[in-house]
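Based on the hints, put chain B in the right spot on chain A.
There are 2 protein chains.
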Amino acid sequence: MHNMKPNTRKNEIIKTAATLFKDKGYSAVTMRDIAKAMGIKAASLYNHINSKQDILKAIIISLAEEFTLGMETIKASQVNSIEKLKQIISMHINITSRNKAGMATLNNDWMHLEDQLEYYLKLRVNYEDNLRDIIRQGILNNEILNDNLEVLLFSLLSTLRSLYIWIPLEDNLNEIELSQSLSNVLINGIKN
Amino acid sequence: MHNMKPNTRKNEIIKTAATLFKDKGYSAVTMRDIAKAMGIKAASLYNHINSKQDILKAIIISLAEEFTLGMETIKASQVNSIEKLKQIISMHINITSRNKAGMATLNNDWMHLEDQLEYYLKLRVNYEDNLRDIIRQGILNNEILNDNLEVLLFSLLSTLRSLYIWIPLEDNLNEIELSQSLSNVLINGIKN
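Protein sequence lines, in the order shown, are assigned to chains A and B.
Position 65, counted from 1, in the first sequence is what the working numbering calls 557; the numbers after and before it change by one each time, with no gaps.
Position 86, counted from 1, in the second sequence is what the working numbering calls 578; the numbers after and before it change by one each time, with no gaps.
Next up, chain A with everything else stripped away, as it sits in the complex (with noise of 0.2 Å):
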């Protein structure tokens, strides 16, 4: 039965292995515990994954990548740089509330990456990169303050990162709601 959906077991396996890793910590989590978790033998998961590494390839690289599109056609688009930063917000804000133990995943095991480290960093410095332009863009435009850019910059990605453990599921999420909030606060303070 299941080798008629492969992806569809495959995804179950990354799904649960994500919340264990999320729970416990990629280190702290072996194939028995996700095979355990997920009530077949340990055997099982090895004809749809090769190994704990690959698990946390397909979680994290396939996240990243998602990141580094958005942020590339956000980037593009003919608008201006706090528009494109409204659409940041509601881009991490979407994601997450997908993902959100891929997100604690990618956020406190990404350094477990083996093969893919040097790739998936490539992936994070490039996304900095373009941030810091867009706001560096703002800036020039007299859109945003002129302040410490790196200041900016880090505080805009400390509270995006950190998402993942504060906001709601997909399913329990006004995503529109929570987007102009959450981009009334970091575009316009919240000083009255």
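Errors might be hidden in some of the hints.
Where chains are identical, the list cannot tell them apart; a pair therefore holds if satisfied intra-copy or between any two copies.
Each computed DMTMM-like pair below joins lysine to aspartate or glutamate, with the alpha-carbon atoms no more than 25 Å apart [what the hints assert, rightly or not]: (1) 516 with 620; (2) 516 with 575; (3) 683 with 621; (4) 683 with 564; (5) 683 with 620; (6) 528 with 610; (7) 614 with 515; (8) 592 with 515; (9) 544 with 564; (10) 592 with 546; (11) 549 with 642; (12) 549 with 625; (13) 528 with 504; (14) 549 with 662; (15) 683 with 669; (16) 549 with 515; (17) 507 with 607; (18) 567 with 669; (19) 683 with 515; (20) 578 with 625; (21) 592 with 669.
Just so you know, the hints here were simulated from the structure itself, not pulled from any lab data.
Leaving out everything else, chain B in the frame of chain A:
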């Protein structure tokens, strides 16, 4: 020799362990790794500390108590809410710059606490409650925008809790300048 300075040697163990926990995660580090990094025998470690768990407790609980004490002091002080938030931002910069590896351990490995997990979580909830109270009071006084309180709270906390990732070490930090710049971003926003 080291028996004459038990605290110094113990602090050295804690500092070395925090750096290893930061780089590899608590689960992946052994007492043997810690001894090796210090250039001593694993058996010697046990003259100073009972277990890896005791090191984790020493790192996380002392930081959590330092934040708790700082927050209680600031909350009780006779200044307005915006000023209290600025003082909280300064406190995070100050404690974090002196304990970068410890803050990484607190953020990534708090869930590996055993008998002090409950106590840690109590301090953490208490800290968030106090910060929420300060923001709520600021909204009541028309100092802070009456937007989504939880979004304000977690946006602030996310940035403060991520400081260890990007601020310079104590010796290379202009603490006053960073405090002003970060307060500006978090309180006044980034829009020109």
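Regarding residue 683 and residue 669, is the shortest C-alpha distance of 25 Å or less found within a copy, between copies, in both, or in neither?
Cα proximity of residue 683 and residue 669: in one copy and across copies (20 Å, 20 Å).
I want to check one pair: residue 614 and residue 515. Are their C-alpha atoms no more than 25 Å apart within a copy, between two copies, both, or neither?
between (27 Å within a copy, 19 Å between copies)
Up to 25 Å between alpha-carbons, please classify residue 592 paired with residue 515: within, between, both or neither.
both (12 Å within a copy, 23 Å between copies)
At most 25 Å between alpha carbons: which applies to residue 549 and residue 515, within, between, both or neither?
both (18 Å within a copy, 19 Å between copies)
My question is about residue 528 and residue 610: at a cut-off of 25 Å on alpha-carbon distance, are they close within one copy, between copies, both, or neither?
neither (32 Å within a copy, 27 Å between copies)
Is it within, between, both or neither when you check residue 544 against residue 564 at 25 Å Cα-Cα?
Answer is neither; intra-copy 30 Å and inter-copy 44 Å both fail.
As a check of your reading, is residue 592 near residue 669 (CA-CA no more than 25 Å) within one copy, between copies, both or neither?
within (19 Å within a copy, 35 Å between copies)
Could you figure out if residue 549 and residue 662 sit no more than 25 Å apart (CA to CA) within one copy, between two copies, both or neither?
For residue 549 and residue 662, the Cα distance is within 25 Å only inside one copy (23 Å; across copies 35 Å).
Up to 25 Å between alpha-carbons, please classify residue 592 paired with residue 546: within, between, both or neither.
within (19 Å within a copy, 31 Å between copies)
Residue 549 and residue 642: within-copy, between-copy, both or neither at 25 Å Cα:
For residue 549 and residue 642, the Cα distance exceeds 25 Å both inside one copy (29 Å) and across copies (33 Å).
From the Cα coordinates, with 25 Å as the cut-off, is the pair residue 683 and residue 621 best called within, between, both, or neither?
between (29 Å within a copy, 20 Å between copies)
Homomeric proximity label, residue 683 with residue 620: Cα distance no greater than 25 Å:
between (27 Å within a copy, 19 Å between copies)
The structure fails hints 2, 6, 9, 11, 12, 19 (numbered hints given earlier, in ascending order).
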